[in-house]
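Visitor: Order-wise, the sequence lines are chains Z and E. 1 is the number of the first residue of the first sequence in this note's numbering; add one for each residue after it. 1001 is the number of the first residue of the second sequence in this note's numbering; add one for each residue after it.
Hints were generated in silico from the structure; no laboratory data involved. Computed from a predicted structure; not experimentally measured. All C-beta atoms, glycine included, are put in the ideal place defined by N, C-alpha and C. It is possible that part of the hints are untrue.
Claimed, not checked - Here are the simulated lysine-lysine pairs, DSSO-like style, with alpha carbons at most 30 Å apart:
| no. | chain 1 | residue 1 | chain 2 | residue 2 |
| --- | --- | --- | --- | --- |
| 1 | Z | K132 | E | K1180 |
| 2 | E | K1070 | Z | K132 |
| 3 | Z | K132 | E | K1235 |
| 4 | Z | K153 | E | K1185 |
| 5 | E | K1023 | E | K1104 |
| 6 | E | K1180 | Z | K153 |
| 7 | E | K1104 | E | K1187 |
| 8 | E | K1104 | Z | K132 |
| 9 | E | K1187 | Z | K55 |
Unchecked claim - Sample of chain Z residues at the chain E side, in silico, Cβ under 8 Å:
| no. | residue |
| --- | --- |
| 10 | R31 |
| 11 | T35 |
| 12 | L43 |
| 13 | T63 |
| 14 | A71 |
| 15 | T147 |
What the hints assert, rightly or not - Some residues of chain Z that are not near chain E, with every Cβ distance over 10 Å (derived):
| no. | residue |
| --- | --- |
| 16 | Y3 |
| 17 | L91 |
| 18 | L96 |
| 19 | I130 |
| 20 | I135 |
| 21 | L137 |
| 22 | G138 |
| 23 | Q143 |
| 24 | I161 |
| 25 | M175 |
| 26 | G179 |
| 27 | G183 |
| 28 | G197 |
| 29 | I214 |
| 30 | L217 |
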Amino acid sequence: MDYILTGLKEAFRLLLTFDRETYTIILLSLRISGTAVLLASCLGIPLGALVGLHKFPGRGVITTILNTCFALPTVVVGLFVYLLLSRQGPLGMLGLLYTPGAMITAQTILATPIIGALSLVAVRSVDPAITKSAISLGATGIQTTLTVLREAKVAILAALIAGFGRVITEIGAAMIVGGNIRGVTRVMSTAIALETGKGSFSLALALGIILLLIAFLVNAGLYYLPRIRE
Amino acid sequence: MRKFIIRTHNLTKEYDGEAILKKVDLGLERGRIHAIVGPSGVGKSVLLRLLNLLEEPTSGEIYFDEKALKENNRLELQRRMTLVFQKPVLFNTSVYENIAYGLKVRRENRRRVSRKVRKALRVVGLRGYEHKRARNLSGGEKQRVAIARAMVLEPEILFLDEPTSDLDPRNVAIIEELIKYINEKFKTTIVIATHNIFQATRLAHEASFLFEGRIIESGRTQEIFTDPKDRRILKFIEGKIIF
């Protein structure tokens, strides 16, 4: 019980005293996961819209692959990206291993199927009459797709939230391709693992609470933003 | 030979092997109001969706200004016409944005869009509704928004699929007046699908009676419903065909 109370106190102390290392870790986590979700959105949302709104051969296969990748183990993705980026790997010349770039790559791979599969469900749940109505009013194919995406915006936002939740908390890939280097690739999840390993449960718990708090604030922001705009 | 803005030849539509429309031959004259009349479920909505290019026919041809569909640019053709659905399909946004939609996808400038939308709102009796959420309106108001959204485009051809079937008498009257206004003001060719012969008689210059997927009689509306040549139309008028 003491651990929890001490952890809570420590979490607030670190946040309120603007502890430099804590804030470095928080900002790096947000930068890496935010960029990964942005890239995954650029890939996943069009993919979901394409598969959800158009009939073409192989559509069922793509849907099955997307749904399967939903459950991609983070360590497997980490290993895959490691092999790609290691010195002998096909992309070794980029020198990305143990950099935030490698972590962004791994997290993008993790988030894309989640955002893609949930976007697919989101556009399929829009009344098909909306598509017909847009076409009847003279919209082109792209304009019709954008209209359907706008209609599905709350569900698409839920897809982004799910994708963000997946990557901000993952540890396997971040540890393998990032290496948990202090000030360079140490993010909240890897820092928690490190502090737990060292027996600094209070600090680990404090970081855990901060991680939860940040996930809550980001999700709340994403959820309420469109409502405020409306 | 008469020139039609739309003409169909042997137009057939099947769903899962079942023919809903069977070799429909239809000619629609420019600037006229044409009613497609018939009991529910005979294929009126399907015919409108085919003419509006929202679905592909199983076989047969559609000619626009006597040019086959493949000789036309599909998007250009699509933008010459629009369809108002039986249940108004409004986007989940404001009334203004709904009415402006067709103009915006045509990349009309903002000032022109604003002027046209405000004028349309005045005509349909919804001035001051610009910022209301379209989906929160009543059924009649929603249908007026849908008609305003079509009207601002000043289409050459306007398809209306049972536009008053779920409305109260006051909204029916308002919408019928709007239909006449659009036809007279913009010389729009209007094709209205309805099961209501009184509405067809009030609005349409010509009518075609659709029964079990076939056009069984076409001609001047008054003549068709006062002196029908086909006994099935007479039965329909007398209420002996249940729909």
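Visitor: Take the hints in turn and mark each one as holding or not.
Guide: Here is how each hint holds up against the structure:
Between the alpha carbons of K132 (chain Z) and K1180 (chain E) the distance comes to roughly 25 Å, so the proposed pair stays at or under 30 Å and holds. A threshold of 30 Å between alpha carbons decides the hint, and for K1070 (chain E) with K132 (chain Z) the separation of about 21 Å falls inside it, so the pair holds. Taken as a hint, the K132 (chain Z) and K1235 (chain E) pair is broken in the structure, with Cα atoms around 35 Å apart against an allowance of 30 Å. In summary, the hint linking K153 (chain Z) to K1185 (chain E) is not supported, as the alpha carbons are separated by about 38 Å, beyond the 30 Å threshold.
Under the criterion of a C-alpha separation no larger than 30 Å, the hint pairing K1023 (chain E) with K1104 (chain E) is inconsistent with the structure, at around 37 Å. Simply put, K1180 (chain E) and K153 (chain Z) have alpha-carbon atoms about 38 Å apart, too far for the 30 Å limit, and the pair is violated. Restraint check: the Cα-Cα separation between K1104 (chain E) and K1187 (chain E) comes to about 23 Å, which is no more than 30 Å; the hinted pair holds. For the given pair, K1104 (chain E) sits about 17 Å from K132 (chain Z) by alpha-carbon distance, which is consistent with the 30 Å threshold.
A threshold of 30 Å between alpha carbons decides the hint, and for K1187 (chain E) with K55 (chain Z) the separation of about 38 Å lies outside it, so the pair is violated. Because the beta carbon of R31 (chain Z) sits about 33 Å from the nearest beta carbon in chain E, more than 8 Å, this interface hint is broken. About 30 Å separates the beta-carbon of T35 (chain Z) from the nearest beta-carbon of chain E, more than 8 Å, and the hint is not met. At its closest, the beta carbon of L43 (chain Z) sits 26 Å from a beta carbon of chain E; the interface hint therefore is violated under the 8 Å criterion.
Given the 8 Å rule on beta carbons, the hint for T63 (chain Z) is violated: about 23 Å separates it from the nearest Cβ of chain E. The interface hint given for A71 (chain Z) is broken, as the beta carbon of that residue sits about 32 Å from the closest beta carbon of chain E, more than 8 Å. Annotation: T147 (chain Z) was flagged as interfacial toward chain E, and the flag holds, the nearest CB pair being 7 Å apart, inside 8 Å. Every CB of chain E is more than 10 Å from the CB of Y3 (chain Z) (nearest about 48 Å), matching its label as outside the interface.
Distance to chain E confirms L91 (chain Z) as a non-interface residue, since its nearest Cβ pair spans about 41 Å, more than 10 Å. At roughly 42 Å from the closest C-beta of chain E, the C-beta of L96 (chain Z) stays outside 10 Å, upholding its exclusion from the interface. Chain E draws I130 (chain Z) into its interface by the beta-carbon criterion, the shortest separation being 6 Å against a cut-off of 10 Å. Here I135 (chain Z) does not stay apart from chain E, with its beta-carbon only about 6 Å from theirs, under the 10 Å limit.
Against chain E, the non-interface label of L137 (chain Z) is violated: not every CB pair exceeds 10 Å, the least being about 4 Å. Listed as a non-interface residue, G138 (chain Z) fails to keep its Cβ farther than 10 Å from every Cβ of chain E; the least gap is roughly 4 Å. For Q143 (chain Z), the non-interface assignment is contradicted: its Cβ lies about 5 Å from the closest Cβ of chain E, within the 10 Å cut-off. The non-interface label for I161 (chain Z) is consistent with chain E: the shortest C-beta to C-beta separation is roughly 20 Å, beyond 10 Å.
Annotated as non-interface, M175 (chain Z) keeps its C-beta farther than 10 Å from every C-beta of chain E; the closest such distance is 43 Å. The Cβ of G179 (chain Z) lies farther than 10 Å from every Cβ of chain E, with a closest approach of about 46 Å, so its non-interface assignment holds. At roughly 46 Å from the closest C-beta of chain E, the C-beta of G183 (chain Z) stays outside 10 Å, upholding its exclusion from the interface. At the 10 Å boundary, the C-beta of G197 (chain Z) stays outside the reach of chain E, the nearest C-beta of that chain being 50 Å off.
Taking the minimum C-beta to C-beta distance to chain E, about 31 Å, the non-interface status of I214 (chain Z) holds against the 10 Å cut. With a closest Cβ-Cβ approach of about 27 Å to chain E, L217 (chain Z) is found to remain outside the 10 Å limit, as its non-interface label requires.
In summary, the numbered hints that this structure violates are 3, 4, 5, 6, 9, 10, 11, 12, 13, 14, 19, 20, 21, 22, 23.
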